[in-house]
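Visitor: Below are the chains, spelled out letter by letter.
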Amino acid sequence: MPSPHTHGHDVGERLFVHRHSVIHRLPAEVKTVAMVAFIFTVIMTPPNQFWAFALYALILVGVAVLARIPARVILPRMLVEVPFVLFALLMPFFGTGPTVEVLGLTLSQAGLLAGWGILVKGTLGVVSSILLAATTPARDLLMGLERLKVPELLVQIANFMLRYIHVVSDEMHRMKLARESRGFTATGIRSWPIIAQSGGALFIRSYERGERVHLAMLSRGYTGRLPQLATVTTTAGDWFTAMSLPVVGLLIALTALWIGR
Amino acid sequence: MTPSLRISGLAFAYPDGYQALFGVNLEIAKGERVALLGPNGAGKTTLVLHLNGLLAGGVGSVEVAGLAVEKQNFPEIRRRVGVVFQDPDDQLFMPTVRDDVAFGPANMGLTGADLATRVDEALEQVAMSEYGDRPPHHLSFGQRRRVAVATVLAMHPEILVLDEPSSNLDPASRRELADILRDLDITLFMVTHDLPYALELCPRSVVLSEGVVVADGPTRNILLNDELMRANRLELPYGFDPRNVPA
Chain A
23 MPSPHTHGHD VGERLFVHRH SVIHRLPAEV KTVAMVAFIF TVIMTPPNQF WAFALYALIL
83 VGVAVLARIP ARVILPRMLV EVPFVLFALL MPFFGTGPTV EVLGLTLSQA GLLAGWGILV
143 KGTLGVVSSI LLAATTPARD LLMGLERLKV PELLVQIANF MLRYIHVVSD EMHRMKLARE
203 SRGFTATGIR SWPIIAQSGG ALFIRSYERG ERVHLAMLSR GYTGRLPQLA TVTTTAGDWF
263 TAMSLPVVGL LIALTALWIG R
Chain B
1091 MTPSLRISGL AFAYPDGYQA LFGVNLEIAK GERVALLGPN GAGKTTLVLH LNGLLAGGVG
1151 SVEVAGLAVE KQNFPEIRRR VGVVFQDPDD QLFMPTVRDD VAFGPANMGL TGADLATRVD
1211 EALEQVAMSE YGDRPPHHLS FGQRRRVAVA TVLAMHPEIL VLDEPSSNLD PASRRELADI
1271 LRDLDITLFM VTHDLPYALE LCPRSVVLSE GVVVADGPTR NILLNDELMR ANRLELPYGF
1331 DPRNVPA
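Respectively, the protein sequence lines represent chains A and B. For the first sequence, position 106 matches number 128 in my numbering, and the numbering has no gaps at all. For the second sequence, position 160 matches number 1250 in my numbering, and the numbering has no gaps at all.
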C-alpha cells in the first residue's frame, strides 16, 4: 500500500486526485469495466430521449460526490473535448431533410439532433474517464488492464511510456537549452529544419536508450513478460458496487429505447 | 574453492569487424574486490557484457562460480551476475522503486512474502528503505544509483559488476556509495576511471588495454607504477598521491 502523501504531481500521476473514498478503493479493473459498460449504455440511448441524459449526468455527479472530486478539477479537464464539440456544432449546418429556423439560420433538424447526440454522449464519456483517472493511479490502471487480459505488449509499452516520459522530456529540454545557448531562437518557418533535426536526434537517443534498457532487463532475467507484482484481490462486493453504475445505466437506456421505439 | 569468475582466452569482434578483445584471462576469487582500469576504448564495456552473456559468439570461455556462460545457463547466470549499468535511468525501468527491485527476483520465480523480504533486504542494504513507493524520477541521481545496486542485490548474485559506479555523483553521494559497497559481503568487479575510488575499495586492480590484460596486481602498486600508468593513459587526479593513503 503506497503511503498516501508520496504521490507525484507530474505527467504520469497528475490526473490522480488523492482521496479516501469508496470509489478510490475499488480495484482498477473493476472500475475500468464499469466505466466502459456505462459509456456503452449512454451510447445506445436515442438522442431524443433528453430525460435519460439528465439522469446519466446526475449519476456521474453522484459518483463525483462519492469520490470527493470537486467540479473545479473536472471542469478544466473537460477542455480535451473541445475539438469534438466544434465538429458537433457543424452538424446542424450540413444535415439534410426538414429544417428549422433559429435566429435567422436555417438548420437541419436531423443534424441538430445528431450534433446534440455527439455532444452529450461525448461529454458523458469524457466525464466518466476523468472520474476514472482521478480515482485510480496510472500504475494501478495499467495493472488492472493486465488483469483484464489486455495484450501484455500494449501494457508494457504504456508502462515504459509512463516511466520514460520524464527522461525524454528532460532530454528535450536540455537540447533546447543547448540550442538557445548558441544563439538559436525559434523564429518562424526558417527555424523548422533545426527543430526537426533536434527531433530526429531525440528519436535516435531514445532508441539507443531503449536498447540499453533492454540489456538491463535481460541482465535481470527478463524473458518477455513483466512479472505480476501486485496481488490484488477483487471481491464480489467490489464488482457489485462498481457494476451498479452500468446496470442503472442499462435500465435507463432500455427504458429510453422502449419509449422512443 | 571455485573462483567467482574465470575468464580464459576471451576474444571478441563486433559484427562490423571491429575487434575489442584479444584473449583476456582473468580469475577473481570469491569475496575479492577488483577494479578494472583502462582508457576509453580498451574493451572494458565489451568485457562486462560478456560476463552475463549479453555479448557472445567470440572464442574463449567465461565461467561464473563454475557455471559456463552459455545460452542454456542464462537464467542462472543472470541471477549470479549482478550488472549495474552506468546510467541508472537505463537500469530503473519500472514505475516504482519497489517494483524495480522486485523485477529480478520475480523473474527468478519468487512471489509473495519471499519476494517482499528480498526487496526489503536489498533496499535496506543501500539505505533506501523509505523510498520504495517513489517513482524513480523523484529520486536524486545518487539515490537512483543506489537503487540500481539494490535491483541486483535482490537477486543474491555471486558477483556484483559495476560500470563506472562513481560517475556523475557529487562527492557526498560518491562516499555514501563507497560505504555501502565496502560493507557488502560479495565479490565485486568494478569498471572505473576514478582511480582514488579503485584504491579505496579494491585491493586488486586489472588494467585492460587494447583488448588484453596488461597488468594485474595490488591497486597501490599499479597506481605507483608511472611507466605502466603513462603507457595506458591512466592519470591520477591533481595532487593525489597513493602513498599518502593509509593501507
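What the hints contain is simulated information worked out from the structure, not anything from laboratory work. It is possible that some hints are incorrect.
Result set (DMTMM-like, lysine to aspartate or glutamate): computed pairs, CA atoms no more than 25 Å apart in a straight line [unchecked claim]:
id : chain 1 : residue 1 : chain 2 : residue 2
1  : B       : 1161      : A       : 192
2  : A       : 198       : B       : 1180
3  : A       : 198       : B       : 1177
Because the structure is a prediction, the values reported are computed rather than measured.
Visitor: Take a quick look at whether residue 198 of chain A and residue 1177 of chain B sit within 25 Å of each other, Cα to Cα.
Guide: Holds, because 22 Å separates the two Cα atoms, which is no more than 25 Å.
Visitor: Straight-line Cα separation of residue 198 of chain A and residue 1180 of chain B no greater than 25 Å?
Guide: OK: residue 198 of chain A and residue 1180 of chain B at ~22 Å, within 25 Å.
Visitor: Does residue 1161 of chain B pair with residue 192 of chain A here, judged by a C-alpha cut-off of 25 Å?
Guide: Not OK: residue 1161 of chain B and residue 192 of chain A at ~37 Å, beyond 25 Å, violated.
Hint compliance for this structure: hint 1 is the single one not met.
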